[in-house]
Amino acid sequence: MEEAKGEEVTLFGFWSSPFVHRVTWALNIKKIKYKYVEEDLCNKSDLLLEHNPVYKKVPVLVYNGKAIAESLIILEFIEETWKENSIMPQDPYEKAIARFWATAAGDGLWQFFITEGKEREEALASVINNFELLEKELIGKNFFGGDRIGYLDISVGWISYGVPIFEEITEFKIITEEKFPLLHAWMEAFSSSEFVKDTLPPREKLSERYRKVREAIIQKKN
Amino acid sequence: MAGSGTSDVKLLGAWASPYVVRARIALNLKEVQYEFLEEQFGTKSELLLKSNPIYKKIPVLIHDEKPVCESMIIVQYIDDVWINSGPALMPADAYDRALQRFWTVYVDDKFVPSLFGIMRSPTEEAKAEAKEQALASLQLLEEAFGKISKGKPFFGGDTIGYLDIALGSFLGWMKAFEEMNGFKLLDDTKTPLLCAWADNFCNNEVVGAVIPETAKLVELAKVMQARYKSAPPAN
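So the sequences go chain by chain: A and B. So the mapping is simple: our numbering equals the position in the first sequence, first residue as 1, plus 996. So the mapping is simple: our numbering equals the position in the second sequence, first residue as 1, plus 2.
These are calculated hints, taken from the structure and not from any lab test. Bear in mind the structure is a predicted one, so any value in this text is a computation, not a measurement.
Calculated lysine-lysine pairs in the BS3-like style (CA-CA distance at most 25 Å, straight line):
#1 B:Lys58 x A:Lys1091
#2 B:Lys149 x B:Lys186
#3 B:Lys149 x A:Lys1053
#4 A:Lys1026 x A:Lys1193
#5 B:Lys52 x A:Lys1132
#6 A:Lys1062 x B:Lys112
#7 A:Lys1132 x B:Lys59
#8 B:Lys68 x A:Lys1132
#9 A:Lys1169 x A:Lys1193
#10 B:Lys32 x A:Lys1091
#11 A:Lys1175 x B:Lys52
#12 B:Lys112 x A:Lys1052
#13 B:Lys52 x A:Lys1091
#14 A:Lys1062 x B:Lys152
#15 A:Lys1040 x B:Lys112
#16 B:Lys149 x A:Lys1052
Okay, the calculated beta carbon distance ranges per label pair:
#17 B:Lys224 x A:Arg1199: 53 to 59 Å
#18 A:Asp1087 x B:Asp111: 27 to 33 Å
#19 B:Ser47 x A:Ser1041: 47 to 53 Å
#20 B:Lys224 x A:Ser1188: 53 to 59 Å
#21 B:Phe43 x A:Tyr1032: 49 to 55 Å
#22 A:Ser1188 x B:Gly44: 48 to 54 Å
#23 B:Phe43 x A:Glu1190: 51 to 57 Å
#24 A:Asp1194 x B:Gly44: 49 to 55 Å
#25 B:Ser47 x A:Gly1061: 47 to 53 Å
#26 B:Leu49 x A:Ser1082: 32 to 38 Å
#27 B:Ala128 x A:Ile1165: 34 to 40 Å
#28 A:Asn1138 x B:Pro124: 47 to 53 Å
#29 A:Ser1041 x B:Glu134: 27 to 33 Å
#30 B:Gly119 x A:Glu1004: 37 to 43 Å
Ideal Cβ positions, reconstructed from N, Cα and C, are used throughout, including at glycine.
Chain A with its partners taken away, still in its complex shape:
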């Protein structure tokens, strides 16, 4: 029975995409068996283009022949389809807060990473402002979801391995134990969680990829 169920769920992804990782983590927490298809983003498969004609991007989840795109939308779909091991808060207000931070938490981080000088300073100020507020969401909790990993942890989870790489490449530490003790602890707890630790892309390979992307963007500007 479980074998058959596994065939019904397919995830189209790419090894370095933080959006794909969100879906992987949710599928792991929900203990859903699925088939994974690694896409070559320079040569996208016909199936991917058929399943996501609007954006032509990963991740795409296909369940019983129906395709769902956009990672946060996939997370809500997974929550609503597989009822056990819930990842969404039950309370409507907490849901609203989680949905808000799912998109707001990362604001400015990419800008910080790919810019220099005054632009970078402005992006950094915005990131710090966000993190100061985000830190408060962790007061009295191990995870944003409380005792267990939830929707918001999954949505911002990429921060736990992405920010250290950004910090290394830009030679600037944003999330220090001193300034953001709760976020700092959360990063460690999240990335070492049983649902996450074996899914993280090889650090060197990911770091190299981000380094190259950043160089290309900065060069193009100058």
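Following the hints, complete the assembly by docking chain B onto the known chain A.
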């Protein structure tokens, strides 16, 4: 007694903002009594800055002193809280819900920027390009309507739902731009389903009460355009 008095629910907003219209339609459909606190154009109140420190934008719903930000998050919240009042704004089926959310994200990411690009574009060329993109988006939304509505008047079926609210709240501005520029965005030949949908949406009593008048939006647009023209070019 739950819901007694209007001070339980406040909405920070402005009459012309389509994002605020989204929240108001949802509140009205759910028959929620609320206090509308109008922000003055060009300024931000202390309450707004305190309630939405990240984006400092309207709408903000304040329910029992707790702020909820981002228009479609507010709509979803209203649907979750006032679950026993008025129609369900989201369908029951998980895949149908995903479709409503997907096309709502599309409206916000692709359609709205091109729509307002028509007003903000500094050159005729840029304006034409924005218009083409807006039309292309509407074509996709027309196809989506065909699949999602299943022959019913709204994206939500028999009643106005999440995606209807997301897109429909922009109809006031769409009509304003059509009038100002002398072209059609919704067209009987290219987007017949959306034309019928737009009529049904705007004729709804609850909607009619909060969609801003086209003439007033045209007036406001002219003021805003003058500001864009006189502002130094963005680097």
